[in-house]
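Make a model of the complete structure from these sequences and hints.
One line per chain: the protein sequences are A and B, in this order. Those letters in the first sequence? Residues 1 to 449, by our numbering. Those letters in the second sequence? Residues 1 to 449, by our numbering.
Just so you know, the hints here were simulated from the structure itself, not pulled from any lab data. Hints are not guaranteed to be accurate.
Because identical chains share one entry, a pair is satisfied inside a single copy or across any pair of copies.
Unchecked claim - Simulated crosslink set (DSBU-like; lysine-lysine; CA at most 30 Å straight-line): (1) K148 <-> K111; (2) K12 <-> K226; (3) K304 <-> K146; (4) K178 <-> K280; (5) K148 <-> K238; (6) K148 <-> K183; (7) K238 <-> K146.
Okay, here's what each chain looks like letter by letter:
Protein chains: 2
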Amino acid sequence: MAFQVTTEFLEKIEQLIAQQDQDAIREILHDFHFADVAEILEELDSEEATYLIKSLESDITSEALMEVDEDVREKILERLSPNEIARELNEMDTDDAADVVAELDEDIQQKVIDRIEDTDHAADIVELLKYDEDTAGGLMAKELVKVKETWTTAGCVREMRRQAKNVTRVHSIYVVDKQGKLKGRLSLKDLLTAPERAHIADIYIPKVDYVTVHTEGEDVARIMQKYDLEAIPVVDEKGTLVGRVTIDDIVDFIRDEAEKDYQMAAGISGDVEASDSLLKLTRARLPWLVLGLFGGLGSVYIMKGFDEAINSYVELFFFTPLIAAMAGNVGVQSSAIIVQGLANDNVKGSLLSRLLKEIGLALINGLALGILVILFGWIAGLDQRVSFTIAISMLSVIIVAALVGTFVPIILNKRGIDPAIATGPFITTSNDIFGIFLFFYLSKLILGF
Amino acid sequence: MAFQVTTEFLEKIEQLIAQQDQDAIREILHDFHFADVAEILEELDSEEATYLIKSLESDITSEALMEVDEDVREKILERLSPNEIARELNEMDTDDAADVVAELDEDIQQKVIDRIEDTDHAADIVELLKYDEDTAGGLMAKELVKVKETWTTAGCVREMRRQAKNVTRVHSIYVVDKQGKLKGRLSLKDLLTAPERAHIADIYIPKVDYVTVHTEGEDVARIMQKYDLEAIPVVDEKGTLVGRVTIDDIVDFIRDEAEKDYQMAAGISGDVEASDSLLKLTRARLPWLVLGLFGGLGSVYIMKGFDEAINSYVELFFFTPLIAAMAGNVGVQSSAIIVQGLANDNVKGSLLSRLLKEIGLALINGLALGILVILFGWIAGLDQRVSFTIAISMLSVIIVAALVGTFVPIILNKRGIDPAIATGPFITTSNDIFGIFLFFYLSKLILGF
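Structure, rendered in structure tokens:
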């Protein structure tokens, strides 16, 4: 049932834009959902998209602008005048508006803000701009419904009618004292089902989860997920209610975080997409490949250092890519489990028990794989001493790789560095070098070349 | 501000459980949030946890049971009688209750259902059990507030007071006709701010997004995210309103999907956690390692096939792990971007333009890395012909690896297979083998050994 942009539909819109037929465009799109308008905008070139934005009402376009990719929005905003941008901002929720202002060139930010019709709205946006984007302050919107504890429910409904105009979705009504300090909350359902003469003080729930403006976005996401909250109030240092974070922003936040971790694990930094420019994609990918290259060059030196084995045990060199692959795979597996556990806060038990478990797991896997290698050697007619040496060295490499994969993320996390950086190329590369060295070193010890 | 289970607190609870002091336990925990009770349950052994469940009121424990890990819940449920389980289910939302029943052994499912006090609730649970868990039918709950279009707002508020008892959060009020067919929706805000005498028919919004019971969970998630919905009604084949899916279930769904993709990319199948048993972890990890092992053994054969190069061009063998690492890294990068693009539905443009872009990207990266290899060769005093050969072969390997990484997920996706399976070990292993072969083959062509 979801709308899909078809080629024919798009061609029609493009044709109408080329004919500058604003009436027809409005006629077709006026009752479209903003998310569908956003999909259309993404398919148009920036000149066409700008024309579309100018043709439609700001209440749709302001929301559609928030749905499109940052790059697309940037290109459209470049083509709009400060007045036109201000008109869009006027319709946006304060949190979205602040995000857009932050994306603008600094020299026009003030111009745009000065042109926003609703001056209270403009002041709210300026206030939000001062918070770091990854904190509750940066995620929150100023739009909310608040009532004083001394009011009656009837007065509360009256006040709500007034305030609710600006609030797209009322999740909870927040109760504050005379100084504006957060005291509790009231659900719409409670308000609707309470007797008309009751006082707010009698029916509100004094227990309310909240965060401060400085709470990290990750923590806000964790609290909202843990307690299944759809909105959480945000207070300042004095306990004054200053905004709220809603679940839809958190859904985006969770998805972005998961995507960043996934990309990091694949050796891609920055938040890129398939549709980004070659330059942006290269910047995100090349550094990790260079890291891998240096790792590979390190292996070249290591193998060179053991080149006296070439004449008697050339098989060792044939098995090196296998050893490197095993070290890499095991390291990535171990680190992925730990990184996810750290993100979900369920890495429990002592370091020692974790150590023993990883060694146990590596032993089981290493023995199983070692037996396969010995079997292979037997079938391929390899010298038995050589296949045993390879199997034993591989087992050791697997154990070490599992330990590195487990403990590097834990250590990084303890030092306050995002452990996700440790999965992927970083672990693969270091385990490659380390594994190859260990493999030749142990082989030399056992075979004595 | 979020609650943290401390060791001291836990010891105190364990002590009270050992003393069988139910009153003290109730005293301490009666106003705890269920999510915090869940955290405590996870730290206790299953006997202690069961005692705690039996000591507290079902309205808290039923929610706490839904928050704990499936393993923990399973162990607790094993220790409860059908009557005790039924008491918990009676308090749960129908969607949660159905999930729990589905987890029970088949021979006690019916017993438990027969013992649920509220028989309507039990019938709803039985109805939900018939849907596949990854569809809207499997995700939805029966709890919702619905009104008939012919009612007045005052009558609607009366009816809501009655229905809302069972509904934790009222997002939208759904409007149905006499046959129960979905006609539209009404927000609580609209109801609250509408004149008392108005008829629902005059104020409801006839445009409503909905899904059918058979809509895939992924599609439900996509629609809810795209349109920023907090709940979506679910209809059956005839258009009759049968339930609703709420955003909190979708948040869990999105997170689970992202975690599965991430694990798949790391070569871990099944949905495992750091705290799972050695056996479960081995089953999730070993198959991928065996795949990698076979890939590595394939490389052994390939290198053996080119062993005439050993005497004159031994450096090629030293560079093989580097080539394999590059092929693997580039393949994983390309596939991760495509897999993410496919998941977010933003892989646009024709296959040809994608092909050209990937080749362009691989050329840029490959040339940059090739220059580094030549520089290294110059510093290390390598034969210039050899370093150029390595650089050129590496460039070709990178281009091929990027193409494989891009097109394997696209092809899998077209055939209805989860493309995430293509990232990680699968791509790494096939690119290793393919890359090593290409490397030696091209080197042989150029150097003529």
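Each hint, compared with the structure:
no.: 1; hint: K148 <-> K111; verdict: neither (36 Å within a copy, 50 Å between copies)
no.: 2; hint: K12 <-> K226; verdict: between (47 Å within a copy, 24 Å between copies)
no.: 3; hint: K304 <-> K146; verdict: neither (72 Å within a copy, 76 Å between copies)
no.: 4; hint: K178 <-> K280; verdict: neither (52 Å within a copy, 57 Å between copies)
no.: 5; hint: K148 <-> K238; verdict: within (17 Å within a copy, 47 Å between copies)
no.: 6; hint: K148 <-> K183; verdict: within (9 Å within a copy, 37 Å between copies)
no.: 7; hint: K238 <-> K146; verdict: within (17 Å within a copy, 42 Å between copies)
Checked against the numbered hints given earlier, the structure breaks hints 1, 3 and 4 and satisfies all the rest.
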